[in-house]
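Peer 1: Combine both chains into one complex, guided by the hints.
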Amino acid sequence: NAGVTQTPKFRILKIGQSMTLQCAQDMNHNYMYWYRQDPGMGLKLIYYSVGAGITDKGEVPNGYNVSRSTTEDFPLRLELAAPSQTSVYFCASSSTYSNQPQHFGDGTRLSIL
Amino acid sequence: DQQVKQNSPSLSVQEGRISILNCDYTNSMFDYFLWYKKYPAEGPTFLISISSIKDKNEDGRFTVFLNKSAKHLSLHIVPSQPGDSAVYFCAASDQTGANNLFFGTGTRLTVIP
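Chains as they are written, first to last, in my numbering: chain B, -12 to 100; chain F, 1201 to 1313.
Chain F with its partners taken away, still in its complex shape (with noise of 0.2 Å):
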């Protein structure tokens, strides 16, 4: 049963536009969500993050929106680059464990130059 949903598998965008890439969960004890980008040939690299206690985060040209009641969050990039394109993955954590992370299917995005 997937608790993290990227139902988008693909994106595309042009060069200098905004790219919003969106995530849905559905375990309502998740309370640290993540951004991971991944290149071909290797791990996903860490993006930015937030809290549940925020409804917003920004770290650049990139901005995570969390939408509780909706249970909803959203990557946003601005201005989009051809070096964004990648697969980039939601992750959530209700920090049990060792504060586990459960992870979406992810999103392709490709940037056209």
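Next comes chain B alone, as it looks inside the complex (with noise of 0.2 Å):
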């Protein structure tokens, strides 16, 4: 019963280094997002995917890249690591019926130094 997976739990990055946020789902949905949280705040949308080949821009996308390649996978990229990057990211799945909740993964910590 996995749900949504999420790698790595934790990460540390340097300021200009790059790195790929896995997030795998295996409930065949065709809805999958990722977003960030700050301490504090509320979840905020950085990228959202339709269905295999489809993505689109949230609420704050820039210095992120995503790709949807499969049903199942949903990668985000960081090219450039900044100190404002710094916070925990989720990924999350829904099916594309109205009225439908999301579905989260237990997130990845990422902070830049």
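Don't read these hints as lab results, they were simulated from the structure.
Treat the hints with care, as some may be off.
[Unchecked claim] The following label-pair restraints were derived from C-beta to C-beta distances:
1) Ile1218(F) <-> Pro(-5)(B): 39 to 47 Å
2) His1276(F) <-> Asn15(B): 32 to 40 Å
3) Asn86(B) <-> Gln1203(F): 16 to 24 Å
4) Lys1256(F) <-> Asn49(B): 35 to 43 Å
5) Ser1252(F) <-> Met14(B): 21 to 29 Å
6) Ser71(B) <-> Ala1270(F): 34 to 42 Å
7) Gly1216(F) <-> Gly40(B): 51 to 59 Å
8) Gln9(B) <-> Thr1245(F): 14 to 22 Å
[Stated by the list, open to error] Covered, in the sense of this in silico footprint (three residues per stretch, anywhere, with C-beta under 8 Å from a C-beta of chain B), are these stretches of chain F:
9) 1231 to 1245
10) 1292 to 1300
11) 1304 to 1312
A virtual CB, placed ideally from N, CA and C, is assigned to each residue, including glycine.
Peer 2: Right under this line is the structure:
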């Protein structure tokens, strides 16, 4: 009963490095999302995807890239990491039907030093 | 611009009493509302939702009330239990994009035994 799986759980990067946060879901959901949560704040949408090959920007996309080559996987890429990208990143998925909740992974805690 | 607001960062309640968590929104196009519960180092877990065609939805000890004219919703937990201690996020969707969600900043509920 995996649901949404995110790797890694923790990571420390140096300024200017790049990395990919992995997200996989086994619920055959077409919709997938990436959020970031800063301390004391709500979740903000970075990117989302309505299906394989289709992605779009959310509220805070700058500094990130995504791809969606399969229904199951939705990786998030950070290029040229900056201290402002220190945050907790959550991946989520949902079905395409209306009035359906999103299901979240346990997050990746990322620190940029 | 925060479209979903939770103005109480924290709430403490005695075990067995009622917990009432509040949420306000500004976008009149929102038509689906959700509450998520979050424990430390875990992802948000879906708790309960309500569509705009209803004004109340119950699930066991949890009830969500929606007042569309006031753009206000609330979550009632009766009776409160120590295991309910967590951060609660309100979220809303206008079901555009991939049914994208907008989150409040959360309310930390502490249930005192």
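Peer 1: All hints, please: hold or fail.
Peer 2: Okay, the hints, checked on the actual structure:
For Ile1218(F) and Pro(-5)(B), the hinted distance range of 39 to 47 Å is satisfied, since their beta carbons lie about 40 Å from each other. A C-beta distance of roughly 34 Å is found between His1276(F) and Asn15(B), which places it inside the suggested range of 32 to 40 Å. Taking the beta carbon of each, Asn86(B) and Gln1203(F) are about 19 Å apart, inside 16 to 24 Å as hinted. Range check, Lys1256(F) to Asn49(B): Cβ separation about 40 Å, and the 35 to 43 Å hint holds.
As the Cβ distance of Ser1252(F) to Met14(B) is approximately 26 Å, the hint placing it in 21 to 29 Å holds. At roughly 36 Å, the beta-carbon separation of Ser71(B) and Ala1270(F) lies within the given 34 to 42 Å, and the hint holds. Checked against the given bound of 51 to 59 Å, the beta carbons of Gly1216(F) and Gly40(B), roughly 52 Å apart, stay inside it. With their beta carbons about 21 Å apart, Gln9(B) and Thr1245(F) fall inside the hinted range of 14 to 22 Å.
A stretch counts as covered by a chain when three or more of its residues have a beta carbon under 8 Å from one of that chain; for the region 1231 to 1245 of chain F and chain B the count is 8, and the coverage holds. Closer than 8 Å: that is the beta-carbon criterion, and the region 1292 to 1300 of chain F has 5 residues meeting it against chain B, so the requirement of 3 holds. Counting residues of the region 1304 to 1312 of chain F whose CB lies closer than 8 Å to any CB of chain B gives 3, so the stated coverage by that chain holds, three being the minimum.
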